[in-house]
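Got chain W sorted already, so can you dock chain Y onto it with the hints?
If you're matching them up, the sequences are chains W and Y in order. Reading the first sequence from the start, the letters are residues 1 to 407 in the working numbering. Reading the second sequence from the start, the letters are residues 1 to 108 in the working numbering.
Simulated from the structure, these hints should not be mistaken for lab results. Take these hints with a grain of salt, some might be off.
As the list claims (entries may be wrong) - Restricting the straight-line Cα-Cα distance to at most 25 Å, the calculated cross-link-like pairs of lysine to any residue (SDA-like) are:
hint	chain 1	residue 1	chain 2	residue 2
1	W	Lys314	W	Phe354
2	W	Lys54	Y	Gly11
3	W	Lys48	Y	Ala93
4	W	Lys54	Y	Lys105
5	Y	Lys9	W	Arg72
6	Y	Lys105	W	Leu60
7	W	Lys168	W	Thr110
8	W	Lys381	Y	Arg101
9	Y	Lys105	W	Phe285
10	W	Lys314	Y	Lys105
11	Y	Lys105	Y	Pro64
12	Y	Lys105	W	Val405
13	W	Lys54	Y	Pro63
14	Y	Lys105	W	Ala66
15	W	Lys54	Y	Pro19
16	Y	Lys105	Y	Val16
17	W	Lys381	Y	Lys105
18	W	Lys314	Y	Leu108
19	W	Lys314	Y	Asp10
20	Y	Lys105	W	Ala310
21	Y	Lys9	W	Ala310
22	W	Lys48	W	Pro112
23	W	Lys381	Y	Glu68
24	Y	Lys105	W	Phe354
25	W	Lys54	Y	Ala77
26	W	Lys381	W	Ala407
27	Y	Lys80	Y	Leu108
28	Y	Lys9	W	Phe354
29	W	Lys381	Y	Ser69
30	Y	Lys105	W	Phe264
31	Y	Lys80	W	Asn371
32	Y	Lys105	Y	Glu54
33	Y	Lys80	W	Ala66
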Amino acid sequence: MSAGLVIVGGSYAAMQIAASAREAGYAEPIRLVSEEPVLPYQRPPLSKGYLTGKFTPAALPLRAEAFYRDNRIETLLGQRAESLDLAARRVSLAGGGSLAFDRLALATGTRPRPLPLPGADLDGVLFLRSLADADRLRERLGGAGSIVVIGGGFIGLELASVAAAMGKPVVIVEAQERLLARGVSPQIAAFLADVHRSRGVALRLRSTVRDIRGANGRVQSVVCGDGETLAADLVLIAIGVVPNTELAGRAGLACQDGLVVDRFARTTDPLVVAAGDCTRHPSAFAGQLLRLESVQNAIDQAKTAGATLAGQEKPYESVPWFWSDQYELKLQMVGLVQGSDRHAVRGSLEQRRFSIFYFRSGRLVAIDSVNRAADHMLGRKLLALGRSPTPQQAADESFDLQTLVAA
Amino acid sequence: MPAVVYVLKDGSERRVDVPEGTSVMLGAIQNNVPGIEAECGGCCSCATCHVYVEPAFADKVPPPDLSESDLLSGVAAERKPNSRLSCQISMTAALDGLTVRIPDKQSL
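Here chain W stands alone, though its shape is the one from the complex (with noise of 0.2 Å):
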């Protein structure tokens, strides 16, 4: 009997590689090897609905166990993959002993940056990134009496907005001049600063730390480089993450911040594909390489991977997406906005209810939509297809885009 796929990961892009894989007629054995103890499971209610409760435990799951065995996909959970040999076709696992594979995947995504700062090891001082992650933080998310964010990206802004609608006092600190500097527009990061304000959320940017101080191994403050103190007995570091490429690196793939992928989702050892946060690959959208960390991403890029690991031909081409919730609002966005030298509002910002398009030498090339769903919706119908709206068009209301796609 062929040893198979091995799929080593535990999150959106391992799922699906192995999802995809099965339903393109790969047939032999695959086992999937998560360093988790559980199946994969959504991520984005960590920050978000499961601290508050309102996203049960019950809901997390991807799929049911139920998909893994009707789909003959064997999970092999809490194990963590050492190393890699790939001239003798084996994973050597944390705990002895090793798996044979014919073809290997890698999904082993990201895992929050650390801030090596004196105080970073203080109990009360928190990550986010796993469900372990999510349950010791809203453990103490309850019984919190002020909170200190240090980041302010996606991570940060949901749990600042989580905090701040259970009334706790919340600092985000952050060393760029704006909010989301590496995800979002200018507009929109400004746009949230004020919602973030208006909750009653301390912003303090331009702001370093300089150290997290506390006692009897317990966080009480968060010092600024400006030697400002704030108080704090719950801290999250939430500083961007860093890609899970050490195993491959070792095992000589090439990487540079990012496993390196082509289009198919083929890393430098034809035997070997990756897919996910974990990989930096290129994008037809943005005709560069890039690394996206986001589930559209994971999915996409491993429906690419699952089709090769086939025998077949399924080029990752899909526009970038992304979503984020705070407090009442639906931000969601399509393509990618760095580089645009032009933007158009269409709807109302008082009304938090608005899109703003992107554009770069007169083409759209990114839409970001905030309780404006249906832009987001057509938007990344418009981006696929290569269509693009005028600036004056994308901003007058009475236009219909949808003649863009239907043309």
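Chain Y only, in chain W's frame:
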């Protein structure tokens, strides 16, 4: 416990008990009913849990809110008057036997 009948792409039916308060989407995921992808996990962001509600139940299911209605404008399969996002339909005793048809595709 009320039941949902999912009509799959191949026309076959799967009858599944779904607890009151649980969404039709989650009922499908938890029971391994294929064809409902639910990429966003039910937060009404992705439109990959599209179903067609059988006309007999049209009046029993509360209508979509603005955000669902907005998303429905962008579903991958044909949007019909009975199109719904299954993550937004919460099961009740009155919906026992709710029959939903799964469209041929969920993503573009």
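Here is how each hint holds up against the structure:
Only pairs whose Cα atoms come within 25 Å are accepted, and Lys314 (chain W) paired with Phe354 (chain W) is rejected, the gap being roughly 35 Å. Distance check on the hinted pair: Lys54 (chain W) and Gly11 (chain Y) sit about 34 Å apart at the alpha-carbon level, beyond 25 Å; violated. Between Lys48 (chain W) and Ala93 (chain Y) the alpha-carbon distance is near 29 Å, which puts this suggested pair outside the 25 Å criterion. The suggested pairing of Lys54 (chain W) with Lys105 (chain Y) is violated, with an alpha-carbon distance near 29 Å, which exceeds 25 Å.
At roughly 22 Å between alpha-carbon atoms, Lys9 (chain Y) and Arg72 (chain W) fall within 25 Å of each other, so this suggested pair holds. Restraint check: the Cα-Cα separation between Lys105 (chain Y) and Leu60 (chain W) comes to about 23 Å, which is no more than 25 Å; the hinted pair holds. Restraint check: the Cα-Cα separation between Lys168 (chain W) and Thr110 (chain W) comes to about 29 Å, which exceeds 25 Å; the hinted pair is violated. Annotation: proposed proximity of Lys381 (chain W) to Arg101 (chain Y) holds, straight-line Cα distance about 24 Å (limit 25 Å).
Straight-line distance between C-alpha atoms of Lys105 (chain Y) and Phe285 (chain W) comes to about 22 Å, which keeps the hinted pair within the 25 Å bound. For the given pair, Lys314 (chain W) sits about 17 Å from Lys105 (chain Y) by alpha-carbon distance, which is consistent with the 25 Å threshold. Distance restraint check for Lys105 (chain Y) and Pro64 (chain Y): the Cα-Cα separation of roughly 21 Å lies within the 25 Å cut-off, and the hinted pair is therefore satisfied. Between the alpha carbons of Lys105 (chain Y) and Val405 (chain W) the distance comes to roughly 19 Å, so the proposed pair stays at or under 25 Å and holds.
The hinted pair formed by Lys54 (chain W) and Pro63 (chain Y) meets the criterion: a straight-line CA distance of about 22 Å does not exceed 25 Å. Under the criterion of a C-alpha separation no larger than 25 Å, the hint pairing Lys105 (chain Y) with Ala66 (chain W) is consistent with the structure, at around 22 Å. Using a Cα cut-off of 25 Å, the hinted pair Lys54 (chain W) and Pro19 (chain Y) holds, with the two alpha carbons roughly 16 Å apart. Between the alpha carbons of Lys105 (chain Y) and Val16 (chain Y) the distance comes to roughly 21 Å, so the proposed pair stays at or under 25 Å and holds.
A C-alpha spacing of about 15 Å is found between Lys381 (chain W) and Lys105 (chain Y), which places the hinted pair at or below 25 Å, so the restraint holds. A threshold of 25 Å between alpha carbons decides the hint, and for Lys314 (chain W) with Leu108 (chain Y) the separation of about 14 Å falls inside it, so the pair holds. At roughly 24 Å between alpha-carbon atoms, Lys314 (chain W) and Asp10 (chain Y) fall within 25 Å of each other, so this suggested pair holds. Only pairs whose Cα atoms come within 25 Å are accepted, and Lys105 (chain Y) paired with Ala310 (chain W) is accepted, the gap being roughly 21 Å.
For a cut-off of 25 Å, the pair hint linking Lys9 (chain Y) to Ala310 (chain W) stands: about 23 Å separates their Cα positions. Of the pairs offered as hints, the one joining Lys48 (chain W) and Pro112 (chain W) holds, with about 17 Å between alpha carbons and a cut-off of 25 Å not exceeded. This hinted pair checks out: Lys381 (chain W) and Glu68 (chain Y) have alpha carbons roughly 18 Å apart, not beyond 25 Å. At most 25 Å may separate the alpha-carbon atoms for a hinted pair to count; Lys105 (chain Y) and Phe354 (chain W) exceed this at roughly 29 Å.
Straight-line distance between C-alpha atoms of Lys54 (chain W) and Ala77 (chain Y) comes to about 30 Å, which puts the hinted pair past the 25 Å bound. For the given pair, Lys381 (chain W) sits about 12 Å from Ala407 (chain W) by alpha-carbon distance, which is consistent with the 25 Å threshold. At most 25 Å may separate the alpha-carbon atoms for a hinted pair to count; Lys80 (chain Y) and Leu108 (chain Y) meet this at roughly 17 Å. Restraint check for Lys9 (chain Y) and Phe354 (chain W): the C-alpha separation of about 36 Å exceeds 25 Å, so the hint is violated.
A hinted pair counts as satisfied when its Cα atoms are at most 25 Å apart, and Lys381 (chain W) with Ser69 (chain Y) qualifies at roughly 17 Å. A hinted pair counts as satisfied when its Cα atoms are at most 25 Å apart, and Lys105 (chain Y) with Phe264 (chain W) qualifies at roughly 22 Å. For the proposed pair Lys80 (chain Y) and Asn371 (chain W), the alpha carbon gap of about 23 Å is at most 25 Å, so the pair holds. Annotation: proposed proximity of Lys105 (chain Y) to Glu54 (chain Y) holds, straight-line Cα distance about 18 Å (limit 25 Å).
A distance of roughly 31 Å separates the Cα atoms of Lys80 (chain Y) and Ala66 (chain W); the hinted pair therefore is violated under the 25 Å criterion.
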